[in-house]
Amino acid sequence: MKVEQISIFLENKSGRIAEVTRILAEAGVNIRALSIADTSDFGILRLIVDDNQKAEVVLKKQNVTVGKTFVVAVEVEDKPGGLHRIMGILFKADLNVEYMYSFVKPNTTDAVMIFRFEQLDKAVKVLKENSVNVIDGDQVYKL
Amino acid sequence: MIFNIDYETMPREGLEAIQLRRLQATLERVYATVPFYQKKFEEAGIIPSDIESLQDLHKIPFTTKQDLRDNYPFGMFAVPMDNVVRIHASSGTTGQPTVVGYTARDIDTWARLMARSLAAGGATSGDIIHNAYGYGLFTGGLGVHYGAEKLGASIIPVSGGNTKRQIIIMKDFGPTILTATPSYTLHLAEVAEEMGVSFRDLKFKFGIFGAEPWSENMRQEIENKLRIIAVDIYGLSEVMGPGVAIECHEAKAGLHVFEDHFIPEIIDPETGEVLPYGENGELVFTSITKEAFPVIRYRTRDISTLSTEPCICGRTHVRMTRVSGRTDDMLIIRGVNVFPSQIESVLMQIDEVEPHYQLIVDRKDNLDTLSVLVEVGERLFSDEVKKLQDLEKRISKDIKEILGVSAAVKLVEPKTIARSQGKAVRVIDNRKL
Ligand SMILES: [Zn+2]
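First to last, the protein sequences are chains L and X. Heads up: the first sequence is residues 1 to 143, going by the working numbering. Heads up: the second sequence is residues 1 to 433, going by the working numbering.
Any given hint could turn out to be false.
[Stated by the list, open to error] Some chain L residues near chain X, calculated using beta-carbon distances under 7 angstroms:
{"no.": "1", "residue": "Ser7"}
{"no.": "2", "residue": "Asp41"}
{"no.": "3", "residue": "Phe42"}
{"no.": "4", "residue": "Asp50"}
{"no.": "5", "residue": "Asn63"}
{"no.": "6", "residue": "Gly67"}
{"no.": "7", "residue": "Glu98"}
{"no.": "8", "residue": "Tyr101"}
{"no.": "9", "residue": "Gln119"}
[As the list claims (entries may be wrong)] Straight-line alpha carbon distances no greater than 35 angstroms define the calculated DSBU-like cross-link-like pairs of lysine-lysine that follow:
{"no.": "10", "chain 1": "L", "residue 1": "Lys60", "chain 2": "L", "residue 2": "Lys92"}
{"no.": "11", "chain 1": "L", "residue 1": "Lys68", "chain 2": "X", "residue 2": "Lys386"}
{"no.": "12", "chain 1": "X", "residue 1": "Lys40", "chain 2": "L", "residue 2": "Lys60"}
{"no.": "13", "chain 1": "L", "residue 1": "Lys79", "chain 2": "L", "residue 2": "Lys13"}
{"no.": "14", "chain 1": "L", "residue 1": "Lys68", "chain 2": "X", "residue 2": "Lys364"}
{"no.": "15", "chain 1": "L", "residue 1": "Lys128", "chain 2": "L", "residue 2": "Lys13"}
{"no.": "16", "chain 1": "L", "residue 1": "Lys122", "chain 2": "X", "residue 2": "Lys205"}
{"no.": "17", "chain 1": "L", "residue 1": "Lys125", "chain 2": "L", "residue 2": "Lys142"}
{"no.": "18", "chain 1": "L", "residue 1": "Lys68", "chain 2": "X", "residue 2": "Lys393"}
{"no.": "19", "chain 1": "X", "residue 1": "Lys386", "chain 2": "L", "residue 2": "Lys2"}
{"no.": "20", "chain 1": "X", "residue 1": "Lys386", "chain 2": "X", "residue 2": "Lys410"}
{"no.": "21", "chain 1": "X", "residue 1": "Lys205", "chain 2": "X", "residue 2": "Lys225"}
{"no.": "22", "chain 1": "L", "residue 1": "Lys61", "chain 2": "X", "residue 2": "Lys387"}
In short, the hints are calculated from the structure, not lab data. A virtual CB, placed ideally from N, CA and C, is assigned to each residue, including glycine.
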């Protein structure tokens, strides 16, 4: 029920993100979701891709610092209060979200939320107990 | 192993008697043969016979790098060119190069001192030495080379550069001793890793590293990555080349200065006052056996401390602490004296940080600013912004606490700080003073 995410350290200078997407495109790696967290002098690019291993190898070859972490992907229905319900569940269970981002499921209007938890296993358990649709990694990579 | 047991373990009284006799002979000779020294002595109102004890050495004026430059190229030679068999020169990156010469006997003396050094660092006649110091005008390569031959070891004169080929040689020839600069050694470790070669499978036992300042933390990093015992070697071409002082692998606590050939002193770099053993200051050397290029009270600009505390290895020669910086590398930032090596020590206290850093000094609105660039390797990286920011803050705070100067820490991508094949560029000073 976990999804592997790769994260990349980038200095804040123009063209660095394009450089990373170019490396991945040339290797035939597809990006499923992407988010950037940045400060005044550096940024962290977080990616869900269809082939983590290949992505890691080609990026490292280009001297890019790559980290790997597990995150949770959750399906959010396209109706009012969809995300709010999930946040309520997490809050009640005292689960802290380190960061989150979303992408839209292809050919639908439903969103997929990516959550980064410190207590990942507990989060997955709580979400499932509350009938939230937690998507498996293999499914996300193929979306 | 001690290469020359009689001289290296001689009781200090005997050693000092030899020093005085050799010093007096050297002073007589330079006074008679080098116009520069004759003039200097006359200006100070002394003649060589005034020097009746080792303490009297203090009466003689210092020799500086500028003096050597002023006498470029051969003005300081004390023998006719006919007797000079080798010439070396220091790099001229910060001015005119300094040129040094050797007689056949000087070359032999140097080889013997390098043989002593290699032996102190763990080498024996049965070892294979991979010598990655540069061969050429620089004294490192040939210094180690002749010493290894004198010791009877097998030398691989691989010199610097062509790193991938070096790794292949290490794999195929099975060298047991590595001689290189510490920064190039870390570069070798990186390239080996990229090539999938593990030092676990190589035969290295000892490494003898020098030609640039390095820290205790860098030693640990090298020892862990290469699975060897790493010792520090010291020397400079103006005094002879590598082999002026060496750490014994038994104690790894300070470098024995070969006092039967050189007299070391520590002085206050500001006032020139001679400081007692145990105090930190600028190293000054007088050579007492060299023929072609003797130096009298030569100011090295290297910062160190001397100690006569007995050593477990049995050598009686005084020990100098590893060079902690250079008087001319010293940065004065908002009135605070900062040595790059101090910042390196702070960085290396933090587990995740690799020794790839650079200091940038600037002046904005008449205020000095110090930026410390630190490469983000895999061990340091986190997918959470807060963790990286906390690390930046921690480094800043440690630098402030230990050095008393504020620094802006900036994380940069790996391999963006220039890797040199030889000496590392650690400081960029953009101030126009
Ligand atoms: Zn010792």
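Now for the hints, and whether the structure bears them out:
1. A distance limit of 7 angstroms between C-beta atoms decides the matter here; for serine 7 (chain L) the minimum to chain X is near 4 angstroms, and the interface restraint holds.
2. Interface restraint check for aspartate 41 (chain L): the shortest CB-CB distance to chain X comes to about 5 angstroms, inside 7 angstroms, so the restraint holds.
3. Interface restraint check: phenylalanine 42 (chain L) against chain X, minimum CB-CB distance 5 angstroms, threshold 7 angstroms, status holds.
4. For aspartate 50 (chain L), the shortest C-beta to C-beta distance to chain X is roughly 19 angstroms, which exceeds 7 angstroms, and the interface hint is violated.
5. The criterion of a C-beta within 7 angstroms of any C-beta in chain X is met by asparagine 63 (chain L), whose closest approach is roughly 5 angstroms, and the hint holds.
6. Against a cut-off of 7 angstroms between C-beta atoms, the interface hint on glycine 67 (chain L) holds, since the closest Cβ of chain X lies about 5 angstroms away.
7. Interface hint at glutamate 98 (chain L): satisfied, since its Cβ lies 6 angstroms from the closest Cβ of chain X, which is below the 7 angstroms cut-off.
8. Look at tyrosine 101 (chain L): its Cβ only gets to about 12 angstroms from chain X, farther than 7 angstroms, so that hint breaks.
9. Annotation: interface hint on glutamine 119 (chain L) violated; nearest CB of chain X at approximately 14 angstroms, more than 7 angstroms.
10. As the CA atoms of lysine 60 (chain L) and lysine 92 (chain L) are separated by approximately 40 angstroms, the hinted pair breaks the 35 angstroms bound.
11. Between lysine 68 (chain L) and lysine 386 (chain X), the direct Cα distance comes to roughly 17 angstroms. Compliance with the 35 angstroms bound is thereby established for this hinted pair.
12. As the CA atoms of lysine 40 (chain X) and lysine 60 (chain L) are separated by approximately 60 angstroms, the hinted pair breaks the 35 angstroms bound.
13. Distance check on the hinted pair: lysine 79 (chain L) and lysine 13 (chain L) sit about 39 angstroms apart at the alpha-carbon level, beyond 35 angstroms; violated.
14. A hinted pair counts as satisfied when its Cα atoms are at most 35 angstroms apart, and lysine 68 (chain L) with lysine 364 (chain X) does not qualify at roughly 40 angstroms.
15. As the CA atoms of lysine 128 (chain L) and lysine 13 (chain L) are separated by approximately 41 angstroms, the hinted pair breaks the 35 angstroms bound.
16. Restraint check: the Cα-Cα separation between lysine 122 (chain L) and lysine 205 (chain X) comes to about 49 angstroms, which exceeds 35 angstroms; the hinted pair is violated.
17. At most 35 angstroms may separate the alpha-carbon atoms for a hinted pair to count; lysine 125 (chain L) and lysine 142 (chain L) meet this at roughly 23 angstroms.
18. With a C-alpha separation of about 24 angstroms, the suggested pairing of lysine 68 (chain L) with lysine 393 (chain X) holds against the 35 angstroms cut-off.
19. A threshold of 35 angstroms between alpha carbons decides the hint, and for lysine 386 (chain X) with lysine 2 (chain L) the separation of about 23 angstroms falls inside it, so the pair holds.
20. The straight-line distance between the Cα atoms of lysine 386 (chain X) and lysine 410 (chain X) is roughly 14 angstroms, inside the 35 angstroms bound, and the hint therefore holds.
21. Proximity of lysine 205 (chain X) to lysine 225 (chain X) is assessed by CA-CA distance (about 12 angstroms); at most 35 angstroms being required, the pair is judged to hold.
22. Proximity of lysine 61 (chain L) to lysine 387 (chain X) is assessed by CA-CA distance (about 25 angstroms); at most 35 angstroms being required, the pair is judged to hold.
When held up to the earlier numbered hints, the structure conflicts with 4, 8, 9, 10, 12, 13, 14, 15, 16 and fits the remainder.
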